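Asker: Spelled out from the first residue to the last, the chains are:
Number of protein chains: 2
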Amino acid sequence: MTELEKSMESMITVFHRYANEGGNKSTLSKKELKKLIENELPNFLKSQKSPDTLDRILKDLDQNKDDELDFEEFAPLIIGLSVACEKHYALLHEKAKK
Amino acid sequence: MTELEKSMESMITVFHRYANEGGNKSTLSKKELKKLIENELPNFLKSQKSPDTLDRILKDLDQNKDDELDFEEFAPLIIGLSVACEKHYALLHEKAKK
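Going down the list, the sequences are from chains A and B.
One point on numbering: in UniProt numbering, the residue at position 75 of the first sequence is 75, and numbering is uninterrupted.
One point on numbering: in UniProt numbering, the residue at position 56 of the second sequence is 56, and numbering is uninterrupted.
It is worth saying that the hints were derived from the structure and are not from the lab.
All values derive from a computational prediction rather than experimental measurement.
All clues stand as given, with none of them false.
Using 25 Å as the maximum straight-line C-alpha spacing, the simulated BS3-like pairs for lysine-lysine come out as follows:
id, chain 1, residue 1, chain 2, residue 2
1, A, 34, B, 6
2, A, 6, B, 31
3, B, 98, A, 25
4, A, 97, B, 25
5, A, 34, A, 46
6, B, 25, A, 98
Based on the provided sequences and hints, a complete structural model is requested.
Answerer: Have a look at this one:
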């Protein structure tokens, strides 16, 4: 498996590790999303000081308004974070060149 | 770094490895995209028999119509593939349970 394929597999595996915990086994409840973000995206959480961040994330991603996230609803969070990271790196790179 | 953070970093690193090759160093040209897909997503390519697949992918992703993909334009390809993979796994899992 290539590096890119492994990253895709990791995203799916991590999602299911948390989704599988209780209730609907194929979706993330708010509690499961909280645990995933706390454990797997600790640096992201540190930059979010507002106490209602989790509620906002869930509301933004939950397309069908069932208060649960399936993988298709969860994926945009990872992409959004990756795009933000990449822009940040690009900016640092630009500055370093000057 | 957590597993999920490492996956995000890998996606960014792989993108830049190919984007960096020639022309604009921060975007993928059609040639660079072709090389990335051939080397990093060989299983995806195998399932795409049509010769104009690459042109269609580029056209679909290229939001600003400059015939190049920046990371933000490229990311939906990886997410789309991950979502498709995850649906496939979920289906296999459902069948295995029956």
